[in-house]
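Peer 1: With the hints as your guide, set chain B onto chain A.
So you can see what is in the structure, the chains are spelled out below.
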Amino acid sequence: MDLESNRSLIVAALGRIPAGDRAALQTVYRLTSAKLFGVCLRILGERAEAEDVLQEVYVTVWRKAADFDARRASPMTWLIALARNRSIDRLRATRMNRNMTPIEGATDIADSTATADDALESVQEHVRLHGCLDGLAPHERAALRGAFFDGKTYDDLAGRMNVPLGTMKSWIRRAMIKLKACLEQ
Amino acid sequence: MSDTLDHNGLPEDELLAAELALGVLEGNERTTAVQRAAQDQRFARLVDEWEQRLAPWAAEIRDVSPPAQVWDRIAGALPAQTARGGLWHSLNFWRGTSFAAGAFAAACLAGLIYLGTFAPQQALIATIEGSGNRHFVATVDTARGTVAVVPAAFSPDATRVPELWLIPPDGRPRAIGLLRADQTVVLALAPELSALVKNNAVLAVSLEPPGGSTTGLPTGPVIATGKLTSL
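Residue numbers (numbering that gives the first Met the number 0), protein chains in the order written: chain A, 0 to 184; chain B, 0 to 230.
Bound conformation, chain A alone:
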């Protein structure tokens, strides 16, 4: 689907939600739920949990649509952040009951699975972010990936990569500083 037209469809529908338009929420759901379910499922690793969180996400969209400001963020950025945050909250809340084995295939997503067109984000932004991520040291990139895609904490990542917590913190912080500098060039 054409990126800009999809974006304007979502923005228009989000704008109608505060007036109580359920059909508008359904339009947002229809256009974005496959991406957001993918995000929830990737972080949570269990369909039932991901379905629960997806429901929470769209009920939150219903309540908070008025907070979305199209001049400040793309609708997909806003929705993806909402889905990630809800998934991470759920993951943290249930982590005591979970075994900590990594989600199947979690540590290595081949780039061939990329579906940039479906993310509704500009392909250019994706390419740019990738260029900057490629400039990081492999251990820094691996740590950021674990956090972004699997919802791992500093603690989890330190354990997974077998380094002290303090080392992991400075890896990630240094990586974020480099990333910002590169994206701003």
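Derived by calculation from the structure, the hints in this document are not laboratory data.
Ranges between beta-carbon positions, derived for each pair:
hint, chain 1, residue 1, chain 2, residue 2, range
1, A, GLY134, B, ALA43, 25 to 33 Å
2, B, PRO10, A, PRO137, 21 to 29 Å
3, A, GLY134, B, THR228, 46 to 54 Å
4, A, ARG94, B, THR213, 51 to 59 Å
Some chain A residues close to chain B (C-beta under 8 Å, calculated; not the full set):
hint, residue
5, LEU8
6, ARG41
7, ILE171
By construction, the Cβ of each residue, glycine as well, lies at the ideal position given by its N, Cα and C atoms.
Peer 2: Just chain B now, with coordinates in the frame of chain A:
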């Protein structure tokens, strides 16, 4: 605090925002940072900026269609529809209505006259709205595979023409045909579209160069949308 620099040279606030957006914080640290974002606009903006930097990465996550019952659960979890606070109390709705009421009534009447020519149980209708205005009213005769579109409050664009699209649940728009600002247009639905024209499918209108989009997808802005419902 915002002046405190990390040993690497970024303000501490900026790093905290990055950590929150990335999701590495847990327990009290996460709760405190989330609360701060809710109260401190400057900090919230830093978090937004980091979310924006990271979001394109989600393009790597494969889309997965959720099962149909998830939508039913969402619809069931929404507050019950009441007159107060709903559409009837929306200022924008009434603004749009007062401007467009006459044209809209005329469009509805035209739609009903059109509907009079076939069995109503085979009819679907959509009011195609955007920016508080009802631009068109579309009525579908599913038996004949045609859609009649009556202009209501649509103001013609000097250089572009309105094009009608069908958006079925898969989210991919299918071109139906060009509309007119000054008269009703009856368009035949291609056979593959007839199966997709159902209750809850969405009609959308985009502005395209004369002759319509040549790419098979909307190229100009989508100015109005409406959901099809059976009469």
